[in-house]
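Residue numbers (numbering that gives the first Met the number 0), protein chains in the order written: chain A, 0 to 443; chain B, 0 to 443; chain C, 0 to 443; chain D, 0 to 443.
Rather than coming from a laboratory, the hints here were simulated on the basis of the structure. There may be inaccurate statements among the hints.
Which copy is meant is left open, because identical chains are indistinguishable; a pair holds if it fits in one copy or across any two.
Claimed, not checked - The list that follows gives simulated cross-link-like pairs (lysine to any residue, SDA-like), each with its CA atoms no further than 20 Å apart:
no. : residue 1 : residue 2
1   : Lys387    : Gln77
2   : Lys387    : Ala26
3   : Lys387    : Asp415
4   : Lys387    : Ala269
5   : Lys206    : Ala375
6   : Lys387    : Glu59
7   : Lys206    : Leu46
8   : Lys206    : Thr395
None of these values were measured; they are calculated from a predicted model.
Number of protein chains: 4
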Amino acid sequence: MAASPYDGALRAGLFGDAEVAAALGDAATLAAMLRFEGALAAVQGRLGLIPMAAAEVIAEASGGVVLDPAQIAPGVAQNAITAPSLVAAFREHLTTDVAPYVHWGATSQDVADTALVLQLRPVLALLEGRIGAVLRALANQAEAHRATVMAARTWSRMATPTTLGAKIAVWGAPLLRQRQRLAELRPRLLVLSLAGASGTNAAMGPKARQVAEGLAAELDLGLAPLPWHASRDTMAELGGWLALTTGSLGKMAGDITALGQTEVAEVTVAAAGSSSTMPHKANPVLAETVVALARQNASLVGALHQAMLHGQERDGAAWMQEWLTLPPMLIAAGAALRHAVALAETLAAAPERMRANIAATQDLMLAEAATFALAAHMPRPEAQALVKTACQRVGTEGRPLRTLLAEETTMPIDWDQVFDPAGYIGEAPAIADAFVREVRETLP
Amino acid sequence: MAASPYDGALRAGLFGDAEVAAALGDAATLAAMLRFEGALAAVQGRLGLIPMAAAEVIAEASGGVVLDPAQIAPGVAQNAITAPSLVAAFREHLTTDVAPYVHWGATSQDVADTALVLQLRPVLALLEGRIGAVLRALANQAEAHRATVMAARTWSRMATPTTLGAKIAVWGAPLLRQRQRLAELRPRLLVLSLAGASGTNAAMGPKARQVAEGLAAELDLGLAPLPWHASRDTMAELGGWLALTTGSLGKMAGDITALGQTEVAEVTVAAAGSSSTMPHKANPVLAETVVALARQNASLVGALHQAMLHGQERDGAAWMQEWLTLPPMLIAAGAALRHAVALAETLAAAPERMRANIAATQDLMLAEAATFALAAHMPRPEAQALVKTACQRVGTEGRPLRTLLAEETTMPIDWDQVFDPAGYIGEAPAIADAFVREVRETLP
Amino acid sequence: MAASPYDGALRAGLFGDAEVAAALGDAATLAAMLRFEGALAAVQGRLGLIPMAAAEVIAEASGGVVLDPAQIAPGVAQNAITAPSLVAAFREHLTTDVAPYVHWGATSQDVADTALVLQLRPVLALLEGRIGAVLRALANQAEAHRATVMAARTWSRMATPTTLGAKIAVWGAPLLRQRQRLAELRPRLLVLSLAGASGTNAAMGPKARQVAEGLAAELDLGLAPLPWHASRDTMAELGGWLALTTGSLGKMAGDITALGQTEVAEVTVAAAGSSSTMPHKANPVLAETVVALARQNASLVGALHQAMLHGQERDGAAWMQEWLTLPPMLIAAGAALRHAVALAETLAAAPERMRANIAATQDLMLAEAATFALAAHMPRPEAQALVKTACQRVGTEGRPLRTLLAEETTMPIDWDQVFDPAGYIGEAPAIADAFVREVRETLP
Amino acid sequence: MAASPYDGALRAGLFGDAEVAAALGDAATLAAMLRFEGALAAVQGRLGLIPMAAAEVIAEASGGVVLDPAQIAPGVAQNAITAPSLVAAFREHLTTDVAPYVHWGATSQDVADTALVLQLRPVLALLEGRIGAVLRALANQAEAHRATVMAARTWSRMATPTTLGAKIAVWGAPLLRQRQRLAELRPRLLVLSLAGASGTNAAMGPKARQVAEGLAAELDLGLAPLPWHASRDTMAELGGWLALTTGSLGKMAGDITALGQTEVAEVTVAAAGSSSTMPHKANPVLAETVVALARQNASLVGALHQAMLHGQERDGAAWMQEWLTLPPMLIAAGAALRHAVALAETLAAAPERMRANIAATQDLMLAEAATFALAAHMPRPEAQALVKTACQRVGTEGRPLRTLLAEETTMPIDWDQVFDPAGYIGEAPAIADAFVREVRETLP
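In isolation and in its complexed conformation, chain A is listed as follows (with noise of 0.2 Å):
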């Protein structure tokens, strides 16, 4: 009975990743320590650690075999550590004369944590390749807005004009940093561990460093130059990378669903939701559910970071943490990758209502043009302060600025050419273009 909000079958599709779940579920999980242990008895085989014949048996079975999760729990639940049942129940496929050399000088936290690094490699791929998909849909739409004028919005506030380009483009911006964050947090993360029951690879005996670089190339990980059994901080990394994805994400959904309030109604997207009693509703469900997986990582994310007060040598608490922490982390970043593609490939334009919002504030949002081009005549204070005096009086006299400014002034200032939105959009197009080019760049 599935309870959590990533599992349970009725909010699979919107808190779910079915591919993401299926790299980290218990199935993968058993898989990918049985490579651990087929892998480490071909080295040890090879380095005449233990019988060559065994190990080539072992190699072969470690990828035959399928475990029966429910066989393995009860040791779970014994012992926390997935390994001493995994490796009784590997054994039982094997005669008694090679089942002993299974597991061969390891410690149940070498295969633990390489099995989990060997599933998070493909993870870490497709959240790469949704990054990539997200960027693409938003270079084509930066591309294609990169002069539809809008405004922009501070403190909630209409400010000043945009484009839909420049906005996007800020959008991507992030998600940019995050390939290339990814591209160095890999190889301190995707390494082997193998360091015996308490890092020093006792049981291993002198061969360890051989056995170590051996396993490392079959598994195709980097080798970290100390034993990271107790030093956690690659996986509080990956945590804060995960966040920042989820985050960066937040921030675009948001904005959308900003940009599609009844009152702005600037933007649509894609596969809005209904209301069970309002006929009219069409509520912004991808964007808001992306909003809550960027909240949710932003609130998982300092656990890892306290599991890293790892106690001694092995601290089964703070391991645990981990266990608890970075699935549903990892899902949450898969499920608002693939929500994040489709708001960016269905995101649609309103380009006249983007036009009409700004008319409608009587031409307040070019106040600071206004500003500029007073002071081309005048000290820029004193222009300043009789533009805010004028922005004052269009509210109570519901008048538009430049009307009032060309009442209040002699400068000759071409008044219609100063209020027109598109004339004050400034770097914006460069902006978008600068982003697309990044993109189409790092992205081949």
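Since the structure of chain A is provided, determine the placement of chains B, C and D on it from the hints.
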């Protein structure tokens, strides 16, 4: 493919809780929602809002129909809320003259929040029952060990003597308060939600308040004075209570782990975990799991406070954050309490080791007692300075404090009596007794 | 050089709170600790534990001596706890025959925790007073706007009509519960700590309980049934209450920000902020500050739950985490309440804009009402489908919903009446009234 | 009246950091903002946007004027942002022909964010320097104790032997990665912000990019490819780095606390804290403080991820959450590093006690070694079962494991050699060496 730690088969025994999960799972959710719809129809029939015949059919069917989560899920993925597809699926089970009267005047949040409350009610009863079981076991232990002398530790250093019974009483004290807090929050939390599309019950018409009163009675729920669609303090309060519960257990579990350290060895609990490579290991798996769950709920509770920033009359993102947070917190509380019962019931003390650990300090544990003995004959600051100097000599000379003080002083002090740990336990037995009495009185 | 946001001069008006800070600052802390020592001596003198003459001198001096934090600080840096250097500094103000009797039988945590409780008492009174001020202002607003019709928004989209009074009532409802919760937690929190070095009061001797009773009476504090040195649930409960307070205010402030958006413009509040470059801007600074403080307390509350994992009889690290967390949370609550009073008192509605915003939806806001009007003449699902189709045509054709429905249907429905927002506000005025009544009754 | 834990005089030595606070305090903030304004004017003068003469005066004055925070504060309370009142106050120091050219075309966030970055630069250098000091001290210790045999502890129980040098290397490993991560994030973080009112630099005119390039060069900052007003990933990344730093130190400090427990007594550090009542106490105050600071930063980091949900072009509430979170995190990192240097430098080992603790386990610590010794003569599972049974007899019979195994088995095994802890430390010395080498190579 369950991938979350609370639902996977592999770790179900560690982090999962079958009873809590059953109460929160998809089937229970759909059943609770149908129960709401059935009761609503029954009340509306009685009040003449819908035809009595239809009401009876709906009420009857609501208890019998079993909906398939997989059928509802696509609608949830579309709408986030379950009600539109639930109502549609339920209507398929009814004839066309009856079906329209399902969900009359209600909104999705009414049925969702009320169903949640209906599910929370038995979960809270379950958790309360387990708190009682922990308290009863602790009371038995506190009674048995009211005078079992052991070292207290402050700042992770041995301080002065106490008794195991007093220590256990301190573990239990917050759980007594948790029962009190639960009694206080229940009437705030277990209340009907029925406020319609925007919290005004406009569609329900002039009998709205009567419908609400009738429905609350039908479901045996309280009636909030004001609609709570957008006031989420009760959910955050519940989260706080859950984290207080697990935090209290985490303190106990952390102490049990510490007291069982190889070098301390003063208590043991049943069900120790094995290592995959070290034959002598007996890991405190249950205790460490409780610590992990406690830190996890401490990490999650803030998400519910974030969700209090619920926008306007209904905020999808904030509401979904509750859906993401509450189930793991409830399951974690359930699992932690289950493990805590086992810890409390199987705790076994090693009194001789407790005495030996005190003895190994060469009387340092009784340094404060020596100060007060001397302070009867000299100013206390001088006594404290004299004892402090002697304490430092214990470390360098390796001789017991009583020997050094007997040499240094001439007062007629019975040093062996002063340095008897059992003579310096103050109110410890009385503390244990007070706890036992309190438990026995409140948990008949 | 104050660098924290709560203490710096620059942002004192935003995030600081002079009254809360004064109650929590160094001087108040030292005074509260001296008060404990003075009252302890007085009680011990009466009970004959220390000479009455010394007791009187100590009690008298404790109220007059002012200690310099800078003199105490080096000792705090050394010991973390303040008591050793505070007691030493206090003794310097006393003659050598009296000085030794200061802090007799107590431990550092007794004086530290009791002093904290003594400081919390007026802070809670202050916060409660401000909650009252917010509630009174909201009640006045709710009364004035009980029937001020405006759009409700769900999922950030316009839903159906409500009134501003009902909305305000929903803001205030959790604050009413906060008063209730405060009354419940106070007797748990405001209790004496007096348990001695290891929680047993061994050094206090057989009259320990009498000392505790006398001291509690002297300080007008409650007496916990069991020592709470290591049971920190009351501190986490306090943190929860503070976060519930700010969370409730954050919801109100977020709504005020949203309702004041340029495109919505339905409410204003006093004290808007300026831009350094845009003359027309009036930023909702107070409201945004409250939101920031609310999210901050939501981020901090978990730290107090982490601190519940308090090791053994005293845990320096866990205890210090409380010292790091409680002051910012208390100050944030103070500042948020101060701003909330200003928001609640200066809130001004724009009823004509509210009506205009509803009108701009071309009747879509009343789509649910139309459904129920039709449902009197046809099955409700068919009515809902009919209205839904018409709603979509409103968007494409730009004609009001009432026009389309009048064309489509033949039922004798007075469409203008159906589409009058004021006729579809349900219980909204009653909700406002209920809130006003509740406030006036509980806050005489 | 400073009330926050980081600024109060009382606890300044514990939680405060004078150097970090000086870099972040009000005076430094105002100076950095003036520096921005001065450099901006200089660049704009060179590019002809403002008169060169005015530019020179502004640039010159920006380095000399000292503004009073108390004068600026009322404007901050009003506007939240500092720029409006800062610019006004600065202009008062200039003649009226020059004053208008201050802050030309920039927006408040440009100066605020750039000033923050200018303040962060020396703080990061300071923190990096302290990380280096910790690493150097740890390297010296690891070198000295490369072969100092001690017990490793897993799941809080003694596991197998290791060396203190290897343990220290594990403490240091994440700090080496922190240096690497800092190098990676610096170019993302230390970048100019110059984007104008809405992120388009519209007021700056066609030379906006040249102004940005010139200003970045003038301030020796990087230039982000896209405006980052509303992309706050770099701030959350910084927060993650700070929490990784303190988390790494917290692990070390927690281990030091644990190894210094009365019953373990394997290491000591300088500067122990006293009790107000127990003369024998020497509390690990510095280590516990580091743990508290680490858990605090772990609690705070999520706030910066929440703040990534930054609305539209500027979000006051989200931005303010950064102001509330970053200073305490930076100060906490500074204080934790300062204490960590002291811990690393003064750590003293008690090798004889380490050996005695191992010996006290009656050979159980070498149970794994015995298994592998036997596994040379029999299948390993059988060897493991045989040893496990013998381990249980050690507890009940009180005889050493080697004695029991010698009785039970007939293989030609040199049991004394097997049970020599120094013979079973595996790669521990090599691990220490690798760490020392790495530190010495990267920190010349």
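Tell me, please, which holds for lysine 387 and alanine 269 at an alpha-carbon limit of 20 Å: within, between, both or neither? Between copies only: 17 Å across chains, 41 Å inside a chain, cut-off 20 Å.
Is it within a copy, between copies, both, or neither that the alpha carbon of lysine 387 lies no farther than 20 Å from that of glutamine 77? between (72 Å within a copy, 17 Å between copies)
Should lysine 206 paired with leucine 46 be assigned to within, between, both, or neither, using CA atoms and 20 Å as the limit? Answer is within: at 8 Å inside a copy they meet the 20 Å cutoff, but 67 Å across does not.
Evaluate lysine 387 and alanine 26 at a C-alpha cut-off of 20 Å and name the case that applies: within, between, both or neither. Answer is neither: 66 Å inside a copy and 31 Å across each miss the 20 Å cutoff.
Intra- versus inter-subunit Cα pairing at 20 Å for lysine 387 with glutamate 59: Answer is neither; intra-copy 79 Å and inter-copy 30 Å both fail.
Go through the copies and call it for lysine 206 and threonine 395: within, between, both or neither, with a Cα cutoff of 20 Å. For lysine 206 and threonine 395, neither the intra-copy (85 Å) nor the inter-copy (37 Å) Cα distance is at most 20 Å.
Is it within, between, both or neither when you check lysine 206 against alanine 375 at 20 Å Cα-Cα? For lysine 206 and alanine 375, only the inter-copy Cα distance (16 Å) is at most 20 Å; the intra-copy one is 79 Å.
Within a copy, between copies, both or neither: where do lysine 387 and aspartate 415 come within 20 Å Cα-Cα? The answer is within: 19 Å in one copy meets 20 Å, while 43 Å across copies does not.
Hint compliance for this structure: hints 2, 6 and 8 are not met, and every other hint is.
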